[in-house]
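First to last, the protein sequences are chains A and B.
Anchor point for the first sequence: position 127 equals 127 in our numbering, and the numbering is continuous, going up by one each time.
Anchor point for the second sequence: position 51 equals 490 in our numbering, and the numbering is continuous, going up by one each time.
A hint or two may mislead.
[Unchecked claim] Covered by chain A, according to a simulated footprint, are these stretches of chain B (three or more residues, beta-carbon under 8 Å):
1. 611-625
2. 763-776
[Unchecked claim] Partial chain B-side listing against chain A, Cβ under 7 Å, derived:
3. Q545
4. C546
5. W713
[To be verified] Over 10 Å on every C-beta distance to chain A, these chain B residues come out as not near it, computed from the model:
6. G533
7. G535
8. G572
9. G632
10. R640
11. D666
12. A667
13. G669
14. A686
15. G687
16. G705
17. M707
18. V720
19. D757
20. E760
What the hints contain is simulated information worked out from the structure, not anything from laboratory work.
Ideal placement from N, C-alpha and C gives every residue a C-beta, glycine not left out.
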Amino acid sequence: MSDFPEFAVRVDQNPYLPAGGREMHAIVSVEARASGGPGPAADGGRAPAAEIIMIDTSGSMSYRGKMAAAKRAARAAVNVLRDGVHFAVVAGANRPRMVYPQGERLVRADAASRRGAVDAVGRLEAAGGTAIGSWLRLADRLFTGHDAVAAGAVKHAILLTDGKNQHESDEELDAALRQCTGRFLCDARGVGTDWNVAELRKITSVLLGGFLDVPDPADLEADFLAMTRAAMSKQVADVTLRVWTPQQARLRFVKQMVPAVEDLTARRGESGPQTGDYPLGAWGDENREYHLCVEVQPGDVGRQMRAAWVKLVAGDQVLASGNVIAEWTDDEARSTRINGRVAHHTGQSELAEAIQQGLEARREGDEDTATARLGRAVVLAREVGNEQISSLLDKVVDVVDPARGTVRLKRDVAKADEMSLDTRSVRTVRTRHGDAAGG
Amino acid sequence: MNADQHTPVALCRTCGEPVNERDRFCEECGRPDPTTPRTPPLGTALPHASPTPASRAAPFAPNPVPRQREQPPSAPQADPGEGTAAGGACVDCGVGAVGADGYCEQCGLRQPSGREHVEAEAGRSGAAVSDLGLRRSRNEDAFALAELPAGVCAVVCDGVATAPGSEEASRLAAEAALAVLTGRVPAGADPRGAMRDAAARAGEVVAGLPGDPDSSPACTFVSAVVDAGGITVGWVGDSRAYWLSPAGSCRLTTDDSWASSMIEQGAMSAEEAWADRRAHVLTAWLGADAGPLDPHVAAFRPTGPGLVVLCSDGLWNDLPEPSDLAAVALTGRDGPLDAARRLVRAALDAGGHDNVTVAVLRYPPPGPSRERGR
Ligand SMILES: [Zn+2]
Ligand SMILES: [Zn+2]
Numbered sequence: 001m002s003d004f005p006e007f008a009v010r011v012d013q014n015p016y017l018p019a020g021g022r023e024m025h026a027i028v029s030v031e032a033r034a035s036g037g038p039g040p041a042a043d044g045g046r047a048p049a050a051e052i053i054m055i056d057t058s059g060s061m062s063y064r065g066k067m068a069a070a071k072r073a074a075r076a077a078v079n080v081l082r083d084g085v086h087f088a089v090v091a092g093a094n095r096p097r098m099v100y101p102q103g104e105r106l107v108r109a110d111a112a113s114r115r116g117a118v119d120a121v122g123r124l125e126a127a128g129g130t131a132i133g134s135w136l137r138l139a140d141r142l143f144t145g146h147d148a149v150a151a152g153a154v155k156h157a158i159l160l161t162d163g164k165n166q167h168e169s170d171e172e173l174d175a176a177l178r179q180c181t182g183r184f185l186c187d188a189r190g191v192g193t194d195w196n197v198a199e200l201r202k203i204t205s206v207l208l209g210g211f212l213d214v215p216d217p218a219d220l221e222a223d224f225l226a227m228t229r230a231a232m233s234k235q236v237a238d239v240t241l242r243v244w245t246p247q248q249a250r251l252r253f254v255k256q257m258v259p260a261v262e263d264l265t266a267r268r269g270e271s272g273p274q275t276g277d278y279p280l281g282a283w284g285d286e287n288r289e290y291h292l293c294v295e296v297q298p299g300d301v302g303r304q305m306r307a308a309w310v311k312l313v314a315g316d317q318v319l320a321s322g323n324v325i326a327e328w329t330d331d332e333a334r335s336t337r338i339n340g341r342v343a344h345h346t347g348q349s350e351l352a353e354a355i356q357q358g359l360e361a362r363r364e365g366d367e368d369t370a371t372a373r374l375g376r377a378v379v380l381a382r383e384v385g386n387e388q389i390s391s392l393l394d395k396v397v398d399v400v401d402p403a404r405g406t407v408r409l410k411r412d413v414a415k416a417d418e419m420s421l422d423t424r425s426v427r428t429v430r431t432r433h434g435d436a437a438g439g
Numbered sequence: 440m441n442a443d444q445h446t447p448v449a450l451c452r453t454c455g456e457p458v459n460e461r462d463r464f465c466e467e468c469g470r471p472d473p474t475t476p477r478t479p480p481l482g483t484a485l486p487h488a489s490p491t492p493a494s495r496a497a498p499f500a501p502n503p504v505p506r507q508r509e510q511p512p513s514a515p516q517a518d519p520g521e522g523t524a525a526g527g528a529c530v531d532c533g534v535g536a537v538g539a540d541g542y543c544e545q546c547g548l549r550q551p552s553g554r555e556h557v558e559a560e561a562g563r564s565g566a567a568v569s570d571l572g573l574r575r576s577r578n579e580d581a582f583a584l585a586e587l588p589a590g591v592c593a594v595v596c597d598g599v600a601t602a603p604g605s606e607e608a609s610r611l612a613a614e615a616a617l618a619v620l621t622g623r624v625p626a627g628a629d630p631r632g633a634m635r636d637a638a639a640r641a642g643e644v645v646a647g648l649p650g651d652p653d654s655s656p657a658c659t660f661v662s663a664v665v666d667a668g669g670i671t672v673g674w675v676g677d678s679r680a681y682w683l684s685p686a687g688s689c690r691l692t693t694d695d696s697w698a699s700s701m702i703e704q705g706a707m708s709a710e711e712a713w714a715d716r717r718a719h720v721l722t723a724w725l726g727a728d729a730g731p732l733d734p735h736v737a738a739f740r741p742t743g744p745g746l747v748v749l750c751s752d753g754l755w756n757d758l759p760e761p762s763d764l765a766a767v768a769l770t771g772r773d774g775p776l777d778a779a780r781r782l783v784r785a786a787l788d789a790g791g792h793d794n795v796t797v798a799v800l801r802y803p804p805p806g807p808s809r810e811r812g813r
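Only chain A is shown next, with the shape it has when bound in the complex:
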C-alpha cells in the first residue's frame, strides 16, 4: 500500500444569508501534495498502477499521417511506463485485438516488455471499422483479470480514436459503459475531424476521465506522454467526495469546476444518514475544485448552521474535510456580498452551457438561438478571463460588440475549429485564492 498524499480542503463562500435565505453556494478546493515531497523522486508514494493503451486502427487512420502519429504516441507512452506497472496495448477496429502482450492479460513493465510492446506497435496496420464499446469491454476484462494480482491499483486507460462509433449501436456502447463504470478510468483523444465530440464526452464523463481534440496528429506524441505521466503519478486509486447535508436540506448540485466542468450531481450514491458519495477517481499531486449548492431550511437571524460537511475519503480513511456554513444576518452589506470564486465558477458553468447550446443550435440551423447563445459566451469568456475560449469563439463568430455579446455567425467555419470549441468549452481557468475579493 502506498502512502497517501496530504490532502487539504479549502471552502470559499459568503456564509451570510438574509433572513429567510435558503440557497448557499460554496467552492470546495481540494489540493493534494505528495507526502514524500514534490517531484518525480518521490517514487515510494505512488499507488500500484495498471495501464491500457487503446489505439484506433480503423481504416481511416491510414489517412493524413494519423496512423504513424498514433504509433509514435503509443511508443512514447509505453516508454514512460515505470517498472512494475502492469500494462497492455490494444488495437481497436470492428473488434479489439491484443497488440501486446499476446494473450488477454496485462504484463509487468520492464525493459524487455517495453521493447516488445514498442516493436508490436510498429507493426500495426489500419483496417476495419470502429466499435468502441467492444474495446472498452476488453479493457475491463484485462483489468478484472489483474485485480487478483494487485487490488487497489490505479486502473487507467487511454483511448485514441479518429471516428464515430459506427460499427456498433448506441445501446451497445451504453451497455459497455454501464459495465465499465467504476471499474477503470479512461482519458480519450480524438484525432482528425471525423470523431464525435458528444460521444467522447459521454465515454470519458462516465469513466471519470477527460478528453481533448488533437487536430494536428503531430501533437499526439506529446499529448500521450503527458497523459501517461499523469496516470503514473496518481497516488490514490479511488477518492470519493462525501457530502453531509442537514436534514430537510437539499443538495441542488455538485459540479467539478477545475480542471473542467463536470456535473457530478447524478452520480450520488447514498452512503449514510444525510450523506452521499460522489466518486472522483484517482488522485495524484493535483488540485481540483468543486461548486456545491445547498438549499437549507432558514434559521433565525444570528444563528449559524453547518450547511454541508465535505470530506475527501479513500476507503475508510478521511483524507481532509471542510465545512460550508450558513449564517443568517440582517446586515445587507454582508448577505448581498458575492464571493469572487463562486461568481467566477458560476460564470464558467454558464459559459460551457452557452457554447454547447450555441453550437447545437448552429448544427440544427437555428441561427437566432446560435447567435444569442454564442454572443452570451463571448461576454462570459471575457468576464471569467478565459482567453483560450475567447480566441476559439473568434473562429466561429464575428464579434461586433464584445461587451454586449453582439455577434454574427461566420459563414465558413473549419470543422476542426468548431470541434475544438465544443471540446474545450468545459475547460476552465483556475482562480487564485487571492482572487476571492474580486468580481
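Position chain B with the ligands relative to chain A; hints supplied.
Below, chain B with the ligands without anything else, positioned relative to chain A:
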C-alpha cells in the same frame, strides 16, 4: 433571540400569549424577557440565561470565567426546569446529537456555546454580565473578575470578529490578566505595574495562539483594580472604562481606534470621524500581528462613591455618553449585578447588534465581605 421553534412554549407574564422559552421579547406585547419575573430574585432564575446547563451552573461559582463547550453538559447544579434535552441533544431539533465542533449532526444548527449569556459576582464589590446580543452567532467577548483582599479587579476583552479563534483569544486573555492581577496586587505590587504586567501577559497568551498568519486571533483589553486607594485602569483597543457617580461621570479611557486618532490629531471633527466607515478600525490590540504592546495605564482617586464600568463596544456603541450610562446604572440602590444587567439590557433594547459585556465595580469597595449576601 427567537431562535428555537422547538423549545417548549411558555406564556408571556404580561399578556398571556404563548412565547418560546428563549424569546427575548414577547411578539404580542413586546415585553422583554416575557417568561421571567420582572425583578429576578438573585441566585435563582436568571433573565434570558443560556439554555445550556453549563452556563446556568456557572454564574455564582467562585471562578467567574465562562465555561467552555468541552465541559460535560450535565453539570451537577443544572436547573432541572431547563428546556434543554439532556445528554448533548440539539436544542433546536431536540433529536440530533451535537458534535465536538458544536453543530447538530441532524439539523446542522450550531449549538449555544455556554457563552450566550454569562453572569458573575465578586462578593458585593463587583459583578459582570456578558451577552451574545441579538444579531451575532457567537459571543466573542469575555470577562474575568475577582475580589481582592482590599478591593476588586476585573478584565473585559472583546474578540475581533473577523479573526478566527478570537472567541478563544478573549477568554484566555481575560483569564491570564486576572491571574496576574490577583497574584500581584495582594502581594503589595503597585496596581499600575501589575496592570502593565497583566496586559503584557494577556498579549503573550493571545499571540501564542495558533492561527492563520493573515488573520491571527485578536482581542481588545480593558481592566481595572479598585481599592481604597483609588481606581487603576489599563487598556489596549476600544473597550472602555467609565466612572459613573451622582456627582459627575466621565470616561476613563481613550480608544485605540481610527476615529479616536483622527479626532486626536485634529484631522476631523468627532461627527465626521465617527461617520466614517473606518471609525471602528483598531489601531492597537492583542494578537500575534499586533506589534510591540504598549498598554495604556491610568489611575484616579474619586472624591465620592460611584461605580467603575468596564465594557466592550457592544455597550458604548449604543450608549456612548457617560451620562447615558449613569442614567441606567445609578438608578436604584441595588448591587453591581443589577446595574450590570440593566446596562446589558439597555444595549439589547437599543438593537443588540454586537456582543455586550459589562463589568461593574463599586468604589469605595464595600469592605471585607465575609458575611456575603445582601
Ligand atoms: Zn406579551
Ligand atoms: Zn438539531
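Quick rundown of the hints versus the structure:
no., hint, result
1, 611-625, "violated (count 0)"
2, 763-776, "violated (count 0)"
3, Q545, "holds (5 Å)"
4, C546, "holds (5 Å)"
5, W713, "violated (18 Å)"
6, G533, "holds (12 Å)"
7, G535, "violated (8 Å)"
8, G572, "violated (8 Å)"
9, G632, "holds (41 Å)"
10, R640, "holds (32 Å)"
11, D666, "holds (39 Å)"
12, A667, "holds (43 Å)"
13, G669, "holds (40 Å)"
14, A686, "holds (40 Å)"
15, G687, "holds (37 Å)"
16, G705, "holds (30 Å)"
17, M707, "holds (23 Å)"
18, V720, "holds (16 Å)"
19, D757, "holds (16 Å)"
20, E760, "holds (25 Å)"
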